[in-house]
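**Student:** For chain A, the structure is supplied; the task is to place chain B on it using the hints.
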Amino acid sequence: MISTDSRLVASVSRLRPMRSLYAGNATSVMQRGWLATRSSNWLVILSGFFEPIFYLLSLGIGLGSLVGAVTTSTGHAIPYAAFIAPALLATAAMNGAVYDSTWNVFFKMHFAKLYQGMLSTSLGPLDVALGEILLALLRGALYAVGFMIVMQALGLTLSWWALLALPAVLLIAFGFASFGMGITSYMKTFQQMDWINFIMLPMFLLSATFYPITVYPEWIRWFIQAMPLWHGVELVRGLTTGDVNIAMLWHVLYYLVMIVLGLILTTRRLRALFLD
Amino acid sequence: MATVPAPVITATNLVKKYKDFAAVDGISFEVAPGESFGLLGPNGAGKSTTMRMVGAVSTRTSGDLSVLDLDPNQFGPEIRSQLGVVPQSDNLDAELRVRDNLIVYGRYFGLPIGRVKARADELLAFAQLEDKAKSKVDDLSGGMKRRLTIARALINDPRILLLDEPTTGLDPQARHILWDRLFRLKEQGTTLVLTTHYMDEAEQLCDRLVVVDKGTIMAEGSPAALIREYSSREVLEVRFGSEKNAEVAGRLEGIGERVEVLPDRILVYSDNGEAELVRITERGLHPITSLVRRSSLEDVFLRLTGRSLIE
Numbered sequence: 054m055i056s057t058d059s060r061l062v063a064s065v066s067r068l069r070p071m072r073s074l075y076a077g078n079a080t081s082v083m084q085r086g087w088l089a090t091r092s093s094n095w096l097v098i099l100s101g102f103f104e105p106i107f108y109l110l111s112l113g114i115g116l117g118s119l120v121g122a123v124t125t126s127t128g129h130a131i132p133y134a135a136f137i138a139p140a141l142l143a144t145a146a147m148n149g150a151v152y153d154s155t156w157n158v159f160f161k162m163h164f165a166k167l168y169q170g171m172l173s174t175s176l177g178p179l180d181v182a183l184g185e186i187l188l189a190l191l192r193g194a195l196y197a198v199g200f201m202i203v204m205q206a207l208g209l210t211l212s213w214w215a216l217l218a219l220p221a222v223l224l225i226a227f228g229f230a231s232f233g234m235g236i237t238s239y240m241k242t243f244q245q246m247d248w249i250n251f252i253m254l255p256m257f258l259l260s261a262t263f264y265p266i267t268v269y270p271e272w273i274r275w276f277i278q279a280m281p282l283w284h285g286v287e288l289v290r291g292l293t294t295g296d297v298n299i300a301m302l303w304h305v306l307y308y309l310v311m312i313v314l315g316l317i318l319t320t321r322r323l324r325a326l327f328l329d
Numbered sequence: 276m277a278t279v280p281a282p283v284i285t286a287t288n289l290v291k292k293y294k295d296f297a298a299v300d301g302i303s304f305e306v307a308p309g310e311s312f313g314l315l316g317p318n319g320a321g322k323s324t325t326m327r328m329v330g331a332v333s334t335r336t337s338g339d340l341s342v343l344d345l346d347p348n349q350f351g352p353e354i355r356s357q358l359g360v361v362p363q364s365d366n367l368d369a370e371l372r373v374r375d376n377l378i379v380y381g382r383y384f385g386l387p388i389g390r391v392k393a394r395a396d397e398l399l400a401f402a403q404l405e406d407k408a409k410s411k412v413d414d415l416s417g418g419m420k421r422r423l424t425i426a427r428a429l430i431n432d433p434r435i436l437l438l439d440e441p442t443t444g445l446d447p448q449a450r451h452i453l454w455d456r457l458f459r460l461k462e463q464g465t466t467l468v469l470t471t472h473y474m475d476e477a478e479q480l481c482d483r484l485v486v487v488d489k490g491t492i493m494a495e496g497s498p499a500a501l502i503r504e505y506s507s508r509e510v511l512e513v514r515f516g517s518e519k520n521a522e523v524a525g526r527l528e529g530i531g532e533r534v535e536v537l538p539d540r541i542l543v544y545s546d547n548g549e550a551e552l553v554r555i556t557e558r559g560l561h562p563i564t565s566l567v568r569r570s571s572l573e574d575v576f577l578r579l580t581g582r583s584l585i586e
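Going down the list, the protein sequences come from chains A and B. Count along the first sequence from 1, add 53, and you get the number used in the working numbering. Count along the second sequence from 1, add 275, and you get the number used in the working numbering.
Excised from the complex, chain A in its bound form (with noise of 0.2 angstroms):
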């Protein structure tokens, strides 16, 4: 009777080459999130929230009295707020999703050791990692829904179009989430930690958040451009405003090859580290 299972099974994995990574059951890890942040961090999350807004009323009312209007990089005027508001809204969608596999993951991998329990059930790393990067994902789009709305209170919202600034706020944040939980996974010590921190800041200060990239000169255009925020930031900015063009299918491009790396990058890590 053993040997006709183990060689239904031999059978069934043969025609499922993906089984030693993934057991389709990445519900279960979100589960486990889900209760977890119920019970303990509530207010990592709801800090998470206020963020963005506070920057927006300081920098988008405060400084934008003084400011006026804005020129969009296809020639429109807005006003300041609308111009940075679709930004910050990016850029909580980053900071949502990097704060959640980055810090997260790390204590995670060495203290808790989460994912050691779990990839001795049958979970795969691939489970782990989609798992983990959905609820994130889910994080990201509560904090969007409720900036979305400060916008709309606000009047900063110009187009119809800012409703798919919602899925494209998901897509930033599943780039960036993808992305971190592989990069996180090199990480040994808290020093190499506060390296993620050196890049996201310059990051978020210059990828056209706060004023047009055209007052760049050329190389550091290309630079910023190369960077994923201002595609994140350009996206959703088109959206708000409604300004947009076919030429945003590349931000999109540009988050889905991100999210493809960043999952394939974070499988192969998971398995190497707990499943060597």
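It is worth saying that the hints were derived from the structure and are not from the lab. Fair warning: there could be bad hints in the mix.
[To be verified] In silico lysine-lysine, BS3-like type, Cα no more than 27 angstroms apart, as pairs:
id, chain 1, residue 1, chain 2, residue 2
1, B, K407, A, K241
2, B, K407, B, K420
3, A, K241, A, K166
4, B, K392, A, K166
5, B, K409, B, K420
6, B, K407, A, K166
7, B, K519, A, K166
8, B, K292, A, K241
9, B, K420, B, K392
10, A, K166, B, K409
11, B, K392, B, K411
12, B, K411, A, K166
13, B, K461, B, K392
14, A, K166, B, K294
15, B, K519, B, K292
16, A, K166, B, K420
[What the hints assert, rightly or not] Pulled a few chain B residues facing chain A out of the computed Cβ check, cut under 7 angstroms:
id, residue
17, S333
18, S337
19, P352
20, R355
21, V360
22, N366
23, R382
24, G385
25, D546
[To be verified] A few chain A residues that don't get close to chain B, going by computed Cβ distances all over 10 angstroms:
id, residue
26, L99
27, I106
28, L119
29, L219
30, T242
31, W248
32, N250
33, T267
34, E271
35, F327
Here the structure is a predicted model, which means the values were calculated and not measured. Glycine included, every Cβ here is placed at the ideal spot set by N, Cα and C.
**Tutor:** Just chain B, lined up with the frame of chain A:
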């Protein structure tokens, strides 16, 4: 003729190398269903590495390994779904309550929620943690955490339970409670595979064991058979003070079957410890303390490797 049940684990010349270092260097053993099998050895002997390969979370460098008739290198998830794993250091989910730890872990196996909840309550009773169901994991004592880890490992009704150093770091009382629980599992027919560097644990729990040192198997058998083969019935321990032990040892020729000199004491192996003590005092040697005890697996290990188990 009665048919011998097929082994649930078969390892043949199993090797695990990390770069040039062989953590496991060609070990072979079999575990029968319902058997309680132990790997005894000091830290760094390769026990945990062996357990990780059996647990399908580490791939072997060479040799053959079959767990529940499957090759762990190819069928990791299938094998893991039928194993219960108690790792060396607790990796309970501190962000979840005690009962949720069991439920969530059951869900990792893709088991239906109703079944997992019912099983969680049974296991809380088994682990004597019913009144802790809603507690935080960090509020549990070391022994309770260990029992919860064992309960968690049983959530999927595993065919084999792997225990890596199950009682290391626990106080004597907590160890005895844990042994009692494990003994119950053994009586119910669960196959246990455990590593330990405590000989009393191996003697209590293992039907059969292998003594492992530096990645290889030094001896194999039941605890009693190993003691019979590699040691004497009794051991006389004498202490002359740490400076004098080595000097006195030279004057013990002809006493006992064998003499081992350790930094803090001298061990005399004999079937009659008291008689040997009389012969020592007749030579005008008067130990500060003396003790006659039965041989243990510690003595087997010392004989096999020339070193003590716990350094």
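**Student:** Determine for every hint whether it applies to the structure shown.
**Tutor:** Comparing the hints with the structure gives:
1. K407/B with K241/A: violated, 35 angstroms
2. K407/B with K420/B: Holds, at roughly 11 angstroms.
3. K241/A with K166/A: holds, 14 angstroms
4. K392/B with K166/A: holds, 24 angstroms
5. K409/B with K420/B: holds, 14 angstroms
6. K407/B with K166/A: Judged against 27 angstroms, a Cα distance of about 22 angstroms means the pair holds.
7. K519/B with K166/A: Status violated; Cα separation ~49 angstroms.
8. K292/B with K241/A: Since the Cα atoms of K292/B and K241/A sit roughly 23 angstroms apart, the hinted pair holds (cutoff 27 angstroms).
9. K420/B with K392/B: holds, 19 angstroms
10. K166/A with K409/B: holds, 22 angstroms
11. K392/B with K411/B: holds, 18 angstroms
12. K411/B with K166/A: holds, 17 angstroms
13. K461/B with K392/B: Holds, at roughly 24 angstroms.
14. K166/A with K294/B: With Cα atoms ~24 angstroms apart, K166/A and K294/B stay inside 27 angstroms; holds.
15. K519/B with K292/B: Distance ~43 angstroms between K519/B and K292/B Cα, so the pair is violated.
16. K166/A with K420/B: holds, 15 angstroms
17. S333: holds, 6 angstroms
18. S337: violated, 15 angstroms
19. P352: holds, 5 angstroms
20. R355: holds, 5 angstroms
21. V360: holds, 4 angstroms
22. N366: Given a least distance of 4 angstroms, the restraint on N366/B holds.
23. R382: Result: holds, 4 angstroms to nearest chain A Cβ.
24. G385: Holds. Min distance 5 angstroms.
25. D546: violated, 46 angstroms
26. L99: holds, 17 angstroms
27. I106: holds, 27 angstroms
28. L119: holds, 45 angstroms
29. L219: At about 28 angstroms from chain B, L219/A clears the 10 angstroms cut-off, so the statement holds.
30. T242: holds, 20 angstroms
31. W248: holds, 26 angstroms
32. N250: holds, 24 angstroms
33. T267: Holds, since 47 angstroms exceeds 10 angstroms.
34. E271: holds, 48 angstroms
35. F327: violated, 6 angstroms
In terms of the numbered hints stated before, the structure departs from hints 1, 7, 15, 18, 25, 35, listed from lowest to highest.
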